[in-house]
Amino acid sequence: MNIFESFRISFRSLLANKLRSFLTMLGIIIGVGAVIIMVSIGEGTNQVVTQQIQSLGSNLITISPGAVSSGGVSQGSGSAQTLKMADVDSINQLDAVAAAAPSYQGRYQVAVAGKNTNTTVTGTSANFTQVKSWPMLSGRFITDDDVTNGTKVAVLGTTTVGNLFGNSNYDPVGQMVKINNVPFTVVGVLSSKGASGFQDQDDAVYIPINTYRSRFLGGKSRDSIQQILVEAKSADQINQAINEMEFTLRQNHKLGFTKPDDFSIRNFADILASAQASTQTMTLFLGGVAAISLLVGGIGIMNIMLVSVTERTREIGIRKAIGAKERDLLFQFLIEAVTLAVLGGAVGVAIGYIGSGNIGNLMHTPTSVPLNAVVLSVVFSAAIGIIFGVVPARKASKLDPIEALRYE
Amino acid sequence: MIRIENLRKTYATGDVEVHALNGVNLVIDEHEFVAIMGPSGSGKSTMMNVLGCLDKPTSGTYILDGIDVIAASQNQLSEIRNRKIGFIFQSFNLLKRTTALENVELPMLYAGGSAKQRHEKAAYCLELVGLTDRMHHKPNELSGGQQQRVAIARALMNDPAIILADEPTGNLDTKSSVEIMSIFQQLNDAGHTIVVVTHEPEIAQHTKRSVWFRDGSVSSDEPVAERRFAEGPDLQLTRHQERKGEGA
Numbered sequence: 001m002n003i004f005e006s007f008r009i010s011f012r013s014l015l016a017n018k019l020r021s022f023l024t025m026l027g028i029i030i031g032v033g034a035v036i037i038m039v040s041i042g043e044g045t046n047q048v049v050t051q052q053i054q055s056l057g058s059n060l061i062t063i064s065p066g067a068v069s070s071g072g073v074s075q076g077s078g079s080a081q082t083l084k085m086a087d088v089d090s091i092n093q094l095d096a097v098a099a100a101a102p103s104y105q106g107r108y109q110v111a112v113a114g115k116n117t118n119t120t121v122t123g124t125s126a127n128f129t130q131v132k133s134w135p136m137l138s139g140r141f142i143t144d145d146d147v148t149n150g151t152k153v154a155v156l157g158t159t160t161v162g163n164l165f166g167n168s169n170y171d172p173v174g175q176m177v178k179i180n181n182v183p184f185t186v187v188g189v190l191s192s193k194g195a196s197g198f199q200d201q202d203d204a205v206y207i208p209i210n211t212y213r214s215r216f217l218g219g220k221s222r223d224s225i226q227q228i229l230v231e232a233k234s235a236d237q238i239n240q241a242i243n244e245m246e247f248t249l250r251q252n253h254k255l256g257f258t259k260p261d262d263f264s265i266r267n268f269a270d271i272l273a274s275a276q277a278s279t280q281t282m283t284l285f286l287g288g289v290a291a292i293s294l295l296v297g298g299i300g301i302m303n304i305m306l307v308s309v310t311e312r313t314r315e316i317g318i319r320k321a322i323g324a325k326e327r328d329l330l331f332q333f334l335i336e337a338v339t340l341a342v343l344g345g346a347v348g349v350a351i352g353y354i355g356s357g358n359i360g361n362l363m364h365t366p367t368s369v370p371l372n373a374v375v376l377s378v379v380f381s382a383a384i385g386i387i388f389g390v391v392p393a394r395k396a397s398k399l400d401p402i403e404a405l406r407y408e
Numbered sequence: 001m002i003r004i005e006n007l008r009k010t011y012a013t014g015d016v017e018v019h020a021l022n023g024v025n026l027v028i029d030e031h032e033f034v035a036i037m038g039p040s041g042s043g044k045s046t047m048m049n050v051l052g053c054l055d056k057p058t059s060g061t062y063i064l065d066g067i068d069v070i071a072a073s074q075n076q077l078s079e080i081r082n083r084k085i086g087f088i089f090q091s092f093n094l095l096k097r098t099t100a101l102e103n104v105e106l107p108m109l110y111a112g113g114s115a116k117q118r119h120e121k122a123a124y125c126l127e128l129v130g131l132t133d134r135m136h137h138k139p140n141e142l143s144g145g146q147q148q149r150v151a152i153a154r155a156l157m158n159d160p161a162i163i164l165a166d167e168p169t170g171n172l173d174t175k176s177s178v179e180i181m182s183i184f185q186q187l188n189d190a191g192h193t194i195v196v197v198t199h200e201p202e203i204a205q206h207t208k209r210s211v212w213f214r215d216g217s218v219s220s221d222e223p224v225a226e227r228r229f230a231e232g233p234d235l236q237l238t239r240h241q242e243r244k245g246e247g248a
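So the protein lines, in turn, are chains A and U. Numbering of the first sequence is given in our numbering, commencing with residue 1 and proceeding in unit increments. Numbering of the second sequence is given in our numbering, commencing with residue 1 and proceeding in unit increments.
Just chain U, with the same shape it has in the complex (with noise of 0.2 Å):
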């Protein structure tokens, strides 16, 4: 799913080069629940920001389901962002003004489609989120967790091959992040390859492999110990199972 290979990211601050990725090497396969750790500076952000294609790495690999991110233009790394990768942000990045089913219906917006199909789909995956009751809601008549929710029912939206997720529970209390951790879990159960980069080690217990960044490279990477499960609501998930086989 995903292969990098010797991966390097440069910025040059005035004469002082500032090595953020030094040679990361890093492979993710199908239905992988990772967790990327590391100290503040170790490159872990500007990792998730090529990864998510972002950013363009300045030298290296990086084959995404099959694509050469590195060879792509703009445009086409905006269609990869598009239907291949599925964002969660801290901050959720919900649009204001704007009711949760129309938030969730944006990368469909983008990616073409007709209205009706966008409707049923962006309500089908609200519903996986257990927030059909709060579809017309606007992101700031919904609750820190509601807010995230939809994110993820946004992500889910063009089916990508990955989800991506930066510190999704940073801006969360201790009730709402185990809420969301288990909507992870269920999702990855259901299928879902899940990349979360978080600085908290309980939340990294809750996924099945952590990759530690150091200095801008992998400085371990294992699968996790006493996996945690996380108590949330069933999301049901064994209907969107079927329809995913369907998908495929």
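Here chain A stands alone, though its shape is the one from the complex (with noise of 0.2 Å):
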């Protein structure tokens, strides 16, 4: 027989029975869409996500001091003060980075006549903002000469002006604030950039980091940094600043071939590919969870089906009498399976498209439908209904005619 004419048989019993058909469906109509909202919440998610670590600065590197080792007992990466200024000048000078600012960071009470907020406050130079690619949205930076003059200057980020002055659209430049009781004078206000993870990064203060110094340490901790951001000139040249920095950081230090970093640099590449890849993950998970009840969709469709060849064992024995080969029954019952799981899938794919648009709007967290996901499930869901279809569909194609003749 003709295989448009087992697609018309095929057809014209699925709408027979129009509302079996329908329930049929819903199984894999709900397993798909549940697969493509997952899939596109965890790829907004990872987008987000993307999106924050690369707002924190592109081709950005981080050094911080190495651990403490004091009679064997480590106190963790970050408690030693090796690095000093003349580190941060030196990677300045080298090839593959284009900037380079020292970081000292603590958390200070800063006021303002009535009003004070507890806040971090950083000590930081002249290339703070265009390492972090920060703009400002009024008045200026830190400069060169602050630093070297120690002066009494500080930046604001909009949330700490807003937590100072009531409103985070006030332009406080030439206002006096007092950070740990030492009076300084903004100078600027930086554009805002956002929370990143569990950090406002709008809610910060930045002054010299002489100043910082010198008014905010003591004893050892006076000479040292505790972290230096470094922007590599592009992403490609990340690894070669990194080289760079090592080898000048250990020239500097004096570190013999067999001593170990006494500092540690981290890339932002990495945090980023380690950060997708958590994502990632969660997107793998709530997907198979979600492919579950695909497959007990696919069930479904067994089931129906099973209990549909019994229902029209006459009507097979009828076909098998009048010259049916056990293909042309194979066939028939197998398109309806798979007409079922396609037609499913393909409603499921279009609720997963207006579901994910509403359920995003609904968590306020972007949504995206990846295409591949889209392409998947569909296939997934045809090949379904063939996996499940095969069986009822045996069972119907190797009855004996005689005996479905007789079935009442």
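By construction, these hints were calculated from the structure, which means they are not laboratory data. Ideal placement from N, C-alpha and C gives every residue a C-beta, glycine not left out. Please note that the accuracy of each hint is not assured.
[As the list claims (entries may be wrong)] Straight-line Cα separation of at most 30 Å, DSSO-like style, residue types lysine-lysine; simulated pairs: (1) K395/A with K96/U; (2) K208/U with K398/A; (3) K395/A with K208/U; (4) K56/U with K208/U; (5) K18/A with K96/U; (6) K18/A with K138/U; (7) K84/A with K152/A.
[Claimed, not checked] Covered stretches of chain U, as calculated for chain A (at least 3 residues, CB under 8 Å): (8) 52-62; (9) 81-93; (10) 98-110; (11) 160-168.
Put the complex together from the two separate chains, hints included.
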């Protein structure tokens, strides 16, 4: 028999039982819809995380001091005070480095007349805005002169402006603020950068590094730097920059061949990759859970097709007596199963598209439907139709026509 | 047309072997009109299934229109049923929710051929049995007699070598029964070979030859004396006869 006739017969019998066909498809519709919604949420989250990490600064590399080891007990990375201003200067000279900025951070009380807040105060240099690719909202940033002279000037983030002056749109340039009871003049406000992870990057105050060290630090820490932020000239040059810095720092610190590094270099591309890996795992997990419901939908198809074969035993008997071959009946029932699965898959994709948009709006997370998830779930549902359709279709094709004709 | 020699069919039910057919010899020629009679348990139903290639005999010879049925595979049996045999059942066995026309088209659907060819032939067969105006009705909208006429049209669809009717009037009232037998007689006059399985002597009297079965074999085989001629609508089969003649 012609394959088109097989399709026609199958479609007719599906249309003859519209409600049942729809309910059978519902399993696949929900399955595919769920897979697409889940994967799109995962994919959307991935994009947000990527954007946030990239907003911390493109081509960004951080250098922290190594661990202090007293009597064989390590006090953890960053506990040593091995990084000096001289290191920053020599890193600034390197070929693959665009800019390097020192950083020393602490939490201090910041106050204006009648109001105060507790925020992160960072001592840094003029290069900071370039390294972090962070434009100013008003005023200016710290200059090299400020660092050299240790002037008492401060640059605020918009959240801190809001906390201190009651309105984050207020322009406080020229105002006085007291940081840890030391008066500073506000010279600029950084543009808003938004939250990264759990941290609000706009809740911050920046002052010249030398001022920070002389006013807030004592003893040994006076010469040391907590962290160096480095911007590579381009993404391709990140590895080169890391190698150059490692060499320079070992030379500066006079480390012999056998001595380990007394600093650690971290690359934001690596952090990005590991963050993406973790959101991808989440996507896979969500998709996997949803795929189980697709499997359940497939079993639903098999169940209904088995019932349908039993119910239509007499029809099968008539067709066989009249000359239908086993192959004809196999195709007829297989096509029914695959049609249910593929049609269900298509509706599921449509619902997934609409649903992921709506859920994204509801949860205020962006969603994005990846094309490969759509293709995969449609192919997968067709495969399910074949796999779960074969058993009932074979049952139908193997029926004994005499028995089938006798069936009431 | 049909040559059956020493045909046996044995069913094993538990430890007991049942010989449903126990050495049947039967020859049916072209243009014959045969009634197979016998009490229940005589083996006539098994004979019907074997004749219709629905069931394979255990041993013996069965040649249908030059084809050795015993040697045929399941697939070949399907093909023989499709092209050589026209079935008519007691309970009509039409597909529900399917129009008369589509029911009649069914055998050619499995035989192949274009949709246009199929529609034309089906319409022609329905015209033969006088149901042109009921073409698009579904079985549940037709009377028993009309449904059986649709089944006859379906049996004629692939120009079979033989028409096999299993108790064709068993579910019909007297008037419809006579009508159906009239159609059979006219088809036989037009050249069709017909075998009817029945337990009603009156039905058998409409045929030309009656074969009696008893305990799995033929007990008597003789021409019908005092043949009855059924009153029924004239099918105007002269044209059909010509068409058959052209086809042959």
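Structure-based check of each hint:
1. About 21 Å separates the Cα atoms of K395/A and K96/U, which keeps this hinted pair within 30 Å; it holds.
2. For the hint pairing K208/U with K398/A, the CA-to-CA distance comes to about 38 Å; that exceeds 30 Å, so the pair is violated.
3. Under the criterion of a C-alpha separation no larger than 30 Å, the hint pairing K395/A with K208/U is inconsistent with the structure, at around 42 Å.
4. Between K56/U and K208/U the CA atoms are separated by roughly 28 Å; this keeps the pair inside 30 Å, and the hint holds.
5. Between K18/A and K96/U the alpha-carbon distance is near 16 Å, which keeps this suggested pair within the 30 Å criterion.
6. For the proposed pair K18/A and K138/U, the alpha carbon gap of about 19 Å is at most 30 Å, so the pair holds.
7. Between the alpha carbons of K84/A and K152/A the distance comes to roughly 21 Å, so the proposed pair stays at or under 30 Å and holds.
8. Restraint check on the region 52-62 of chain U versus chain A: 3 residues with Cβ-Cβ distances below 8 Å, three needed, restraint holds.
9. With 6 residues having a Cβ less than 8 Å from any Cβ of chain A, the region 81-93 of chain U passes the three-residue criterion, so the hint holds.
10. Counting residues of the region 98-110 of chain U whose beta-carbon sits less than 8 Å from any beta-carbon of chain A gives 4, enough to reach three: the coverage restraint holds.
11. Judged by the Cβ-Cβ criterion of 8 Å, the region 160-168 of chain U is not covered by chain A as claimed, because only 0 of its residues qualify and three are needed.
In this structure, the hints that do not hold are numbers 2, 3, 11, in rising order.
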